[in-house]
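Enquirer: Residue strings, one per chain:
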Amino acid sequence: MPKTLFEKVWDAHSVRTLANGQTQLLVGTHLIHEVTSPQAFGMMRDLGLKVAMPHRTFATVDHIVPTDQVSEPYADPLADAMIKELRRSCKEFGITFFDRSTGKQGIVHIVGPEQGITQPGTTIACGDSHTSTHGAFGAIAFGIGTTQIRDVLATQTMALGRLKVRRIEVNGKLKPGVYAKDVILHIIASLGVNGGTGYAYEYAGEVFDRFSMEERMTVCNMSIEGGARAGYVNPDETTFSYLKGRPYSPKGAAWDAAVERWRAVASDPGCTYDDVVRIDGADIAPTVTWGINPGQGVPITGTIPDPTKAATADERSSIEEALAYMKLKPGAPIKGTRIDVAFLGSCTNGRLSDFQEVARFIKGKRVAPGVKAIAVPGSQGVGLICAELGIDKVFRDAGFEWRAAGCSMCLAMNPDKLIGDQLCASSSNRNFKGRQGSPTGRTILMSPIMVAAAAITGSVADAREVFGVSAN
Amino acid sequence: MALDKITRVAGRAVNVPGNDIDTDRIIPARFMKCVTFDGLGEFLFYDVRRNADGSEKPHPLNEARFKGASILLSGMNFGCGSSREHAPQALQKHGIRAVIAEGFAEIFLGNSTTLGMPCVTASREDIARIAAAVDADPNAEVVIDLVGKKVTFAGQSAAIAIRESARDALVNGRWDPIGELIDGAPAATKVASGLQYMSA
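As given, the protein sequences belong to chains A and R, one line each in that order.
Residues in the first sequence are numbered consecutively from 1, following this note's numbering.
Residues in the second sequence are numbered consecutively from 1001, following this note's numbering.
Hint data in this document are derived by calculation from the structure and do not stem from the laboratory.
Yeah, the Cβ is synthetic: ideal placement off N, Cα and C, and Gly gets one too.
One thing to keep in mind: the hints can contain errors.
Restricting the straight-line Cα-Cα distance to at most 27 Å, the calculated cross-link-like pairs of lysine-lysine (DSSO-like) are [to be verified]:
| hint | chain 1 | residue 1 | chain 2 | residue 2 |
| --- | --- | --- | --- | --- |
| 1 | R | Lys-1190 | A | Lys-3 |
| 2 | R | Lys-1033 | A | Lys-372 |
| 3 | A | Lys-251 | R | Lys-1057 |
| 4 | A | Lys-84 | R | Lys-1033 |
| 5 | A | Lys-104 | A | Lys-393 |
| 6 | A | Lys-417 | R | Lys-1057 |
| 7 | R | Lys-1033 | A | Lys-329 |
| 8 | R | Lys-1149 | A | Lys-164 |
| 9 | R | Lys-1190 | A | Lys-8 |
| 10 | A | Lys-50 | R | Lys-1190 |
| 11 | A | Lys-50 | R | Lys-1033 |
| 12 | A | Lys-417 | R | Lys-1149 |
| 13 | A | Lys-327 | A | Lys-363 |
| 14 | R | Lys-1033 | A | Lys-91 |
| 15 | A | Lys-365 | A | Lys-175 |
To be clear about the criterion: a stretch of chain R counts as covered by chain A if any three or more of its residues have a C-beta under 8 Å from a C-beta of chain A, and this derived list gives those stretches [said to hold, decoys possible]:
| hint | segment |
| --- | --- |
| 16 | 1072-1082 |
| 17 | 1127-1136 |
Only some residues are given here: those of chain R computed to face chain A with a beta carbon under 10 Å [claimed, not checked]:
| hint | residue |
| --- | --- |
| 18 | Glu-1056 |
| 19 | Pro-1060 |
| 20 | Glu-1063 |
| 21 | Phe-1066 |
| 22 | Gly-1068 |
| 23 | Ala-1105 |
| 24 | Asn-1111 |
| 25 | Leu-1115 |
| 26 | Arg-1124 |
| 27 | Pro-1177 |
| 28 | Thr-1189 |
| 29 | Leu-1195 |
| 30 | Tyr-1197 |
Chain A extracted, bound-state conformation:
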């Protein structure tokens, strides 16, 4: 019987059915970082447990590392302590640690693919909800809590219920100036922030077939913002050519065998999905959020919703709550909203292609007076290539601060924070209240090119107009 990729991978990693009906699922690859793992190591020590398969866990630091200071001790003693704690735990339990000294450090969801650790047909878990990113390679990747990190460390398995699969097909062609970020913001706005609860999303169609791996990662990254715990794209030649030659990719004869396995893991023609959604790529516009969850988005040409015109009482109150927080006026165009900060980076949009694309357009331009603009490469590797290509210089010349790798202002656990009610044009993934470090700080999510357009004009802008696009 034809099967989906999800079913194949799930079945290949099922160990047994637990008493409560959940599956004991083998976790092929476990990724950890400094913020959600220390308590798990503490539990391991308390219970006297050993790491079952230390060669299948990989660590890095991203959430709390400063991006304006690279030598230790870090100014924030708590951050410094957490990083040292991870270093100690990795040493004690024999886990590979991509520390800053290795030159391979970065956001965990950027490092895994970059190193070739993220591979098709595998199961991946990490104590971070954006682990769905790795699904871009045809892996089933889950965000997990700290107690589950303990479970994976101790047994390389976890208890999980099987998900349903919704195929989301985006066909046709994207219009110029429309990017992967717009595709996922559009999907979330269409299906809702909890539309994916209980599902894994399979992204497919002509648009995904043409997408690069980095574009696929941007979309899979935000699956959780639509409520889907996992999201994936079937592996194809694009996937294989990305992985070829990476440090952890198979070599020689093993490579050929791996590609054969990877091809076979893709969803079979004629397989059954629990749900199918079809979207015309031409219907997707550059999309920006106006509210306090990632589903509250509109095309850049659109207006801020008016709660009095809401279809339901629920919608009305959620618009009112969002607008009160965002200090935005109902019915006004979203375009032209003044910004204070522009943030380019994160596990959603902190990859080489994001900086390359923006660099094409900001060359010779300047960040608007009064706007603080920061660019944060997602990994040391991305930063290095940007430096080799002179991209960092383009950003600096345009008035951006160019930083060291980390999560930075996406969740603002390091010193990169909004102040007061500053409004940030951000390439990150969450616009929740207080997300960017100030309890009253405001976030508008958008694609990197739109962040650049906002930085240069000082307000939310249509990048197609600002840069005279014909982009992509």
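Using the hints provided, position chain R relative to the given structure of chain A.
Expert: Same frame as chain A, but now just chain R:
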């Protein structure tokens, strides 16, 4: 380790209304700078409960009449966003022992269950009835019955739903799966040995 069989949770309730209450709101990221979960309870819902100077804002959890409540009521998609276990940990350390909402985000639901904190759903109308009852009498006892799948309060009752795997784990005292997972470790090793990419 023997775990409690959680068949019912009884206590006073507090309503924190709203849909899509995310885990950043439940516990802002800056309070995750810690290597243990101890002490997270005081930072629960910090930014919606306190002003920048630490003074209290109007919030149900700040009301004296709801102090000591152990059941939290809320709306749709409760616990969405980040996978941080710090969110259910903060609730639990604050004294919350169960959540009744219209719906839960997936990861939060799993994390909470593993901590032995039931997350049950009820209809909006029924949650409004419970909220009205505890508003009228904050000392009213609310009882979540995981066996009978109902909640009783102030002489009334309402149906609740809970994912069967979670209910089973709670009522049979196997909500922390570590023991079972360790028992399955030899089988896991066998499955891993058949997967090329997992070989050492």
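Enquirer: Indicate, hint by hint, whether the structure satisfies it.
Expert: Results of checking the hints against the structure:
For the suggested pair Lys-1190 of chain R and Lys-3 of chain A, the alpha carbons sit about 24 Å apart, so the restraint of at most 27 Å is met. Restraint check for Lys-1033 of chain R and Lys-372 of chain A: the C-alpha separation of about 26 Å stays at or below 27 Å, so the hint holds. Distance hint between Lys-251 of chain A and Lys-1057 of chain R is unfulfilled; the C-alpha atoms sit about 60 Å from each other, more than 27 Å. This hinted pair checks out: Lys-84 of chain A and Lys-1033 of chain R have alpha carbons roughly 13 Å apart, not beyond 27 Å.
This hinted pair checks out: Lys-104 of chain A and Lys-393 of chain A have alpha carbons roughly 22 Å apart, not beyond 27 Å. With a CA separation close to 23 Å, the supplied pair Lys-417 of chain A and Lys-1057 of chain R stays within the 27 Å bound. Our distance criterion of 27 Å between C-alpha atoms is broken by Lys-1033 of chain R and Lys-329 of chain A, whose separation comes to about 36 Å. Among the hinted pairs, Lys-1149 of chain R with Lys-164 of chain A is consistent with the structure: their alpha-carbon atoms are about 25 Å apart, no more than 27 Å.
Taken as a hint, the Lys-1190 of chain R and Lys-8 of chain A pair is honoured in the structure, with Cα atoms around 18 Å apart against an allowance of 27 Å. Pair hint Lys-50 of chain A plus Lys-1190 of chain R holds up; C-alpha atoms about 18 Å apart against a cutoff of 27 Å. Taking the CA atoms of Lys-50 of chain A and Lys-1033 of chain R, the gap is about 25 Å. The hint holds against a cut of 27 Å. Restraint check for Lys-417 of chain A and Lys-1149 of chain R: the C-alpha separation of about 45 Å exceeds 27 Å, so the hint is violated.
For the hint pairing Lys-327 of chain A with Lys-363 of chain A, the CA-to-CA distance comes to about 33 Å; that exceeds 27 Å, so the pair is violated. The suggested pairing of Lys-1033 of chain R with Lys-91 of chain A holds, with an alpha-carbon distance near 21 Å, which does not exceed 27 Å. A distance of roughly 24 Å separates the Cα atoms of Lys-365 of chain A and Lys-175 of chain A; the hinted pair therefore holds under the 27 Å criterion. Taking a C-beta to C-beta cut-off of 8 Å, the segment 1072-1082 of chain R contributes 5 residues in contact with chain A, enough for the three needed, and the coverage statement holds.
Using a Cβ-Cβ cut-off of 8 Å, 0 residues of the segment 1127-1136 of chain R lie near chain A, which falls short of the minimum of three, so the contact claim is violated. Given hint, Glu-1056 of chain R at the interface with chain A, is violated; its Cβ is 14 Å from that chain's nearest Cβ, farther than 10 Å. Restraint check, Pro-1060 of chain R versus chain A: the minimum CB separation of about 15 Å is more than 10 Å; hint violated. A distance limit of 10 Å between C-beta atoms decides the matter here; for Glu-1063 of chain R the minimum to chain A is near 20 Å, and the interface restraint is violated.
Checking Phe-1066 of chain R against chain A: minimum C-beta separation of about 21 Å lies over 10 Å; hint violated. The interface hint given for Gly-1068 of chain R is violated, since its Cβ lies 26 Å from the closest Cβ of chain A, which is over the 10 Å cut-off. A cut of 10 Å between beta carbons decides the hint on Ala-1105 of chain R: the least distance to chain A is about 6 Å, and the hint holds. Because the beta carbon of Asn-1111 of chain R sits about 4 Å from the nearest beta carbon in chain A, less than 10 Å, this interface hint is met.
With 10 Å as the threshold, the beta carbon of Leu-1115 of chain R comes within range of chain A, its nearest partner Cβ sitting at about 7 Å, so the hint holds. The interface hint given for Arg-1124 of chain R holds, since its Cβ lies 9 Å from the closest Cβ of chain A, which is under the 10 Å cut-off. The beta carbon of Pro-1177 of chain R comes within 4 Å of a beta carbon in chain A, closer than 10 Å, and the hint placing it at the interface holds. Hint on Thr-1189 of chain R holds. Least Cβ distance to chain A is approximately 8 Å, under the 10 Å limit.
Because the smallest distance between the Cβ of Leu-1195 of chain R and any Cβ of chain A comes to about 7 Å, under 10 Å, the interface hint for this residue holds. Taking 10 Å as the C-beta contact cut-off toward chain A, the hint placing Tyr-1197 of chain R at the interface holds, the least distance being around 6 Å.
Violated hints, in rising order: 3, 7, 12, 13, 17, 18, 19, 20, 21, 22; the structure is consistent with all others.
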